[in-house]
Structures are given as structure tokens and as C-alpha cells.
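**Student:** Which chain is which? The protein sequence lines are B and A, in order. Residue 135 in this note's numbering sits at position 135 of the first sequence, with consecutive numbering throughout. One gets this note's numbering by counting positions in the second sequence from 1 and adding 183 to each.
Calculated from the structure, these hints are not laboratory results. Everything numeric in this text was worked out from a predicted model, so none of it was measured. Keep in mind that a hint or two might mislead.
Said to hold, decoys possible - Straight line, CA to CA, 30 Å or less: simulated DSS-like cross-link-like pairs of lysine-lysine:
#1 A:LYS626 to B:LYS57
#2 A:LYS248 to B:LYS131
#3 B:LYS134 to A:LYS248
#4 B:LYS24 to A:LYS248
#5 B:LYS143 to B:LYS162
#6 B:LYS24 to B:LYS35
#7 B:LYS87 to A:LYS228
#8 A:LYS248 to B:LYS82
#9 B:LYS17 to A:LYS248
#10 A:LYS248 to B:LYS68
#11 B:LYS177 to A:LYS228
#12 B:LYS90 to A:LYS248
#13 B:LYS148 to B:LYS17
#14 B:LYS57 to A:LYS228
#15 B:LYS131 to B:LYS151
#16 A:LYS626 to A:LYS612
#17 B:LYS114 to A:LYS228
#18 B:LYS17 to B:LYS90
#19 B:LYS114 to B:LYS151
Unchecked claim - If you want the footprint, here are the derived chain B segments under chain A, 3+ residues with CB under 8 Å:
#20 112 to 122
#21 137 to 143
The beta-carbon is built from N, C-alpha and C at its ideal position, and this holds for glycine as well.
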Amino acid sequence: MTDQEIIESIRQGDRDKAIRFLYKEFPKIRNLILKSGCNDVVAREVFNDSLLLLIEKVQQPQFELTSKLTTYLYGINRFMVKNELRKQNKTGYELEWSDTLILSETDLGYDTEKEERLNQLDRILNQLSEKCRKIFELFYFQKESMDKIAKTLNYSSVNSAKTQKYKCMEHAFELAKQHTTHQ
Amino acid sequence: MRLPLEQMERVAAYLSGRMTPEQRSRFESDLTMDSDLQDQLTFQKEMAQVIQRRALRAEIAAAGKSFGGSSGFSWNLFLGGLAVAVTSVAVYFLFIRDPQKASAQQTIASHQVNAADKEINPITDEVTTSDGEIQHSDVHLTQLTGRNVNGKPGLFTGLLPLVEQLTSTTVEASGEKAITRAETVDFKQLNFTPKGFREKIAAYLPFEGHISVTPELEEELYYATAKPLLTENANGANSEITVETWKGSKQLWSRKYSGMGGHDRRSGRKKETCLQIIDAEGNFIPGVKISYSYFGEARTAVSDSNGVIRFTLYSPIRTSVKLELPGGREALAEQVRFEPKRVVFMKVSYVTRGVILKWEDLSNYVTYPVDCGGYVDPLAVKVIRSAKFRNTFLATAAFQERLRQLQTMENGQTLLEVYIDHLNEPLYKVDSMVANLLDGDLKAIFERFSEQRIGGTAPVNQLEYAAWYREQRQQLHKDAYTEVPSKNSRQYNQKMMLELARFVAPCR
Chain B
1 MTDQEIIESI RQGDRDKAIR FLYKEFPKIR NLILKSGCND VVAREVFNDS
51 LLLLIEKVQQ PQFELTSKLT TYLYGINRFM VKNELRKQNK TGYELEWSDT
101 LILSETDLGY DTEKEERLNQ LDRILNQLSE KCRKIFELFY FQKESMDKIA
151 KTLNYSSVNS AKTQKYKCME HAFELAKQHT THQ
Chain A
184 MRLPLEQMER VAAYLSGRMT PEQRSRFESD LTMDSDLQDQ LTFQKEMAQV
234 IQRRALRAEI AAAGKSFGGS SGFSWNLFLG GLAVAVTSVA VYFLFIRDPQ
284 KASAQQTIAS HQVNAADKEI NPITDEVTTS DGEIQHSDVH LTQLTGRNVN
334 GKPGLFTGLL PLVEQLTSTT VEASGEKAIT RAETVDFKQL NFTPKGFREK
384 IAAYLPFEGH ISVTPELEEE LYYATAKPLL TENANGANSE ITVETWKGSK
434 QLWSRKYSGM GGHDRRSGRK KETCLQIIDA EGNFIPGVKI SYSYFGEART
484 AVSDSNGVIR FTLYSPIRTS VKLELPGGRE ALAEQVRFEP KRVVFMKVSY
534 VTRGVILKWE DLSNYVTYPV DCGGYVDPLA VKVIRSAKFR NTFLATAAFQ
584 ERLRQLQTME NGQTLLEVYI DHLNEPLYKV DSMVANLLDG DLKAIFERFS
634 EQRIGGTAPV NQLEYAAWYR EQRQQLHKDA YTEVPSKNSR QYNQKMMLEL
684 ARFVAPCR
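With the hints as extra help, turn the sequences into a complete structure.
**Tutor:** Next up, the structure:
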């Protein structure tokens, strides 16, 4: 697959092929991460998170590729490893990564505070019921209409699906509020 | 704060691009004025991103499956599997106070295997999938019926009052069918909960009627329930703590071993071994402190939230293990064999705390008025008389009156801890709490205390004080003897009694 093909397929929602293709880099990147002093589990996490970041970047309409896509992926991984090591209070040697692209937080649009908030929201999502998660997924990820959601989830009417969504959202919002006021 | 439906709908419409250009420009101008609207926009945007990430993560994990590497591993599931396959069972009974009795106990092998089979059933708050992704699953109320719930003890004993709360609440679910409820829960087994506990928990409770277990919730619940249950005294002061141990097979260990990830412990001679402590129902007991001897060197360790203690060994050892359970109870298991790469299970069935000595036991050493009961641990009294508590009602003359009463009652120690756990409340309220736990004449006595309407003192950090009390009490018990664990329990007992006698305050 060429870079352009990968970008197209990600943008069109046909991610599976693209992800599989990019995953071919995993063994090499994994070795680099292991040599930087992280363990196997962390290596996979870092790689998955980097891939996620890459996909999110590519999905933005203003994204322009300035290097090869895989080079960019290596760059993101390097950045994420550094981040991870900082979190663990370790100073890893960057020697292994010497011929990799250096990306900064601004290059990536990576906002640590926002990431924290997103993690917090992820935890909040866990506190919600399965039903709420399902509604959110259909609405925000599959981008389906409330009519269709009501049908898929067997609600008696569109209104009751809407009320349910509203309740879920309100609950999540309140939980998020509580967390911010606690901090 | 309530979130207006209309505002939320507007934000959703804006984000999904379902607005006319006029609506859009109005929304954008409103946005500059209204900070609530801004908050809502950020929130929904980020929520959408989180949901998208979840789905993407799942896709990525699925694609990555074929690329080998170590997969994640669930400790809970492992133990579940392990328990099923436990083959050899050794039962050690020992009660510190009464070593002669211990030797009389027999092994009941087959029975124990069954118990382990049945009880360690992985109802878990956290499941690690084969992709190494941790998923939180919901614990449904229907799983909480009856007494034999599995899981972490703090969790489930803490949840029971919640179930009660739910069953008495009508939940409106907008055209949806109502929640199916747990059929019956034995509320007699309920523990009392500390002040503000329910309010705290309510925040974690989604309105659908089932409970998502989060680390925060678990921690709350643990602290809320890390105290002895009143039912522990059911069989009176003569009951025992019994400890049974058995060990897992090597094969099972290797399953766990390869899945741990991160640390390759296969190199070197040092090998890991682990001990899991469970109660009679198969619940994991966290916070148990063990002391054991490692080639003559006294070592201690504390069990984690899964009741697991891990340590390294060079070669198999055989040692006595002293257990200090949360709440000050103690037990001793003799001749426990630890081997590298093997799991040892300890089942603790306790009915009452182990080292509370009755007054008669002390009578050989000191003479006190006969009418002065001895059911309250003298070391506990020593702790609450320390300077730390001088600003609490424990230091008042009124409380001494109650203490004298408690000393004459069989479950005096447990009830004393009710007072210690509610230092933030006015004294009369705690009196009535205690009264509610009693009946007959004793109930009347505490009701009379409550009628005196004696208030509280300045608010204190209740959790901290309660924890301090437990820590100090344990420390005093530990200081009372030196050999840990002692091979000669009788000697230990004598020493203990002498030490206790020194601390005992006269009750007049």
C-alpha cells in the first residue's frame, strides 16, 4: 500500500487494512522500545497509542504528510516512549532512536492536560451503564440518527431514546464536574 | 448542577453539523458569552473523542493480535482456574491462646477442595482480554444475592447496604422497563457504614441500577469495611481463628509465570513464590500482615487488594507464619512450606479476635475487683487514653462510664470500636447506634446513655484516627513479645499476659 492509499482508506473509514499494514512495523519498533528500557506490555501499549494518534492525525482534514508515513509513525513512537519514560521517572537513552524523526508536542498537537482529561473521561465512561455506552457509541462514533438508535436498541420511541441519552450525558457531565472540582 | 436538555441538544447538533447557517452563527455568538455552553461543548467534543478512541483501540488491538508478543493476563482469572485444580490440601489449625487444642485438629482434605472450587469464582471488576486491554465490567445486583458472594471482601460487604438502598428506591427509566432486582439479601449481615459513606457512593451509582466497579469505588468500599464485623463475635469469646493452608501445582504457576510480563524472573536462582489469603467464603483478605522466619531472619509482608503476598526465595522453606488480620485479630499457622514457583493458599476462618484475653486469664498476675469485666482489650484502652485522642469524646468522663459498661460485655471490644469509628458524631448518636446493635437490658443501658444527650467534640479526621488506633494497637501487641513467630506458644501467652497486666488500667 502506498502512503496515499493508507491515508485514503483511513479517511474513508476502511481502517482495518491500513492498521494491518502499519502493524507490520511493530516488531522493529517493539525492539527499539524494549531497548529503551520499557517492558513488553508497555511496548505494545506505546505502539498502539502511537498508531491511534497517527490515525487521529490523518483523520484531520488539514493533515499534510511531510515525510513517509512509517517515518512519521517511528517519530510518534519515539515521542511516546520519551513521554512514558518521563512518567516512570526514568531517563532512557535515546541512542537507539538516533535515526528517527524528532517530533515535539507542538508538532503533534499533543496536549498533556487534554490527555489527562480524556483519560478521566474514559474512566467516567466505565462508571456509566452498558446502555449509556452503547448509545454514546452509536451516536458519536457510528454517527447514527436518534431514529435509528431507538430502533437498534429497541426503545419504544425516539423520545425515550433521547431521554435516555440525555440522562446518560447528564450523569457523565456531573461526574466530570465532580472530578474537576475535587482536583 | 442541572444541565438543560436544550443546551445539550444544541451542542450535539452543532458538533454533528446539523445546524442551518443562521443557527450556527447564533450558536457561535452565544458561545462567546456563555461559559456553561463552552464547558458543555468541550465536554461533548472530548467525550466523542474518547468514544472514538475506544473503538479505534479495539480495532488496533484486533489487528495486533496476530503479531505475537506477550498478552495481558488476569490475576483473578488465574486464581479462579488455579483454585479449581488445587489438589493437595493441608489443614493447620492453631489458635494462639490455646496451643493444645491446635494439635488436636485434623485434616479435612476433600471438604476443603470443594470449598475452594465453589468459592473462587471470578466475578471481577477488571478483566484483561487477550489483547492486553483492560476492560471494566459491570457487577449486577443479581450477582449480589445471598451470603456467598465472591470477590474482594471490602467490595461486597460494602455493597450490601447499597442494595438495600436500591431496593427501596423507585427508578424511573423513561419508557424503559424497570430494573430487575436482586431477590433477597440478608440484611442482618449488614455492617454499619461510616458517616457520609452512602453520599459518597451515590456519586458512583448510575441510575440504571447496576454498579460499575471503579478503582475509586473499590478503595472507598475497602476503607468503609476494613473493620471487624459484629457477627464475628457470634460464637462468644471462646471462638477461634483457624488457618488452613494448601498449595497450588507447579504447572499452574508456570501459566501465571509466563503471563506476568515485564520481568523475566527466569534468570537467576531467586524465585518468586506467593501466598494468597482468603476467608471462609473465598473472599480475598487484603491488608493482612504476615510475619515469618526466613532462615532465622524475621520478615514481614502485607497482602494486597487481592489478598496476595509475593516474595522471592532461593530454596523451599518451612516456617511458622503469624497473621495479623485487619482489625487486630491474629492467628498462627505452623509448619507452612513455601516453595519457589508455588502458590500457597491460606484460608482464615475467624470468629473472633485471637488475642483478647479474658479477665480470668489475667487474674493470676494482678488482682482487680471481680465485678470489673475484661472483655475490652486492655491494649486498646491504652491506645485510646493516649494524647492523640485527648480532643475527642474518648477522653471525656462520660465516655469512661460507657467504657466500664463495655468491659462487662462479651462484645465490648467490637462495640468500643464503634465509638472509635464515629469520632465525628456526637456521643449520644453513637450511643444510640450501639444500642441498636444490642437488645434486652444492655440495649436499655445504652439508650439511657443516649438520653443524656452528650454532644461531640471538634471534628477530626475520622479515618485517620481509626487507622491510627488500629496501627497502635497492633504495634502494642507486637511489642508485647519479641519472638515472631514464637515456637513456644505457651511461653508467648505467659509473656503476653504479663505485658498486658502492666498496661491494664484499673477500672474504678
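**Student:** Determine for every hint whether it applies to the structure shown.
**Tutor:** Here is what the structure says about each hint:
Taking the CA atoms of LYS626 (chain A) and LYS57 (chain B), the gap is about 69 Å. The hint is violated against a cut of 30 Å. Restraint check for LYS248 (chain A) and LYS131 (chain B): the C-alpha separation of about 28 Å stays at or below 30 Å, so the hint holds. Between LYS134 (chain B) and LYS248 (chain A) the CA atoms are separated by roughly 24 Å; this keeps the pair inside 30 Å, and the hint holds. For the proposed pair LYS24 (chain B) and LYS248 (chain A), the alpha carbon gap of about 12 Å is at most 30 Å, so the pair holds.
Straight-line distance between C-alpha atoms of LYS143 (chain B) and LYS162 (chain B) comes to about 14 Å, which keeps the hinted pair within the 30 Å bound. Simply put, LYS24 (chain B) and LYS35 (chain B) have alpha-carbon atoms about 19 Å apart, close enough for the 30 Å limit, and the pair holds. Straight-line distance between C-alpha atoms of LYS87 (chain B) and LYS228 (chain A) comes to about 26 Å, which keeps the hinted pair within the 30 Å bound. With a C-alpha separation of about 25 Å, the suggested pairing of LYS248 (chain A) with LYS82 (chain B) holds against the 30 Å cut-off.
Proposed proximity of LYS17 (chain B) and LYS248 (chain A) is supported: the alpha carbons are some 14 Å apart, at most 30 Å. Restraint check for LYS248 (chain A) and LYS68 (chain B): the C-alpha separation of about 25 Å stays at or below 30 Å, so the hint holds. Among the hinted pairs, LYS177 (chain B) with LYS228 (chain A) is consistent with the structure: their alpha-carbon atoms are about 15 Å apart, no more than 30 Å. With a C-alpha separation of about 29 Å, the suggested pair LYS90 (chain B) and LYS248 (chain A) falls inside the 30 Å cut-off, and the hint holds.
Restraint check for LYS148 (chain B) and LYS17 (chain B): satisfied, since their Cα atoms lie roughly 28 Å apart, inside the 30 Å limit. Taking the CA atoms of LYS57 (chain B) and LYS228 (chain A), the gap is near 16 Å; set against the 30 Å cutoff, the hint holds. Note on LYS131 (chain B) and LYS151 (chain B): the hinted pairing holds, with a Cα-Cα distance of about 14 Å set against a maximum of 30 Å. For the proposed pair LYS626 (chain A) and LYS612 (chain A), the alpha carbon gap of about 14 Å is at most 30 Å, so the pair holds.
Between the alpha carbons of LYS114 (chain B) and LYS228 (chain A) the distance comes to roughly 11 Å, so the proposed pair stays at or under 30 Å and holds. Distance restraint check for LYS17 (chain B) and LYS90 (chain B): the Cα-Cα separation of roughly 36 Å exceeds the 30 Å cut-off, and the hinted pair is therefore not satisfied. With a CA separation close to 35 Å, the supplied pair LYS114 (chain B) and LYS151 (chain B) exceeds the 30 Å bound. For the stretch 112 to 122 of chain B, the assignment as covered by chain A holds, since 5 residues bring a beta-carbon within under 8 Å of that chain's beta-carbons and 3 suffice.
Taking a C-beta to C-beta cut-off of 8 Å, the stretch 137 to 143 of chain B contributes 5 residues in contact with chain A, enough for the three needed, and the coverage statement holds.
Of the numbered hints listed earlier, those contradicted by the structure are 1, 18 and 19.
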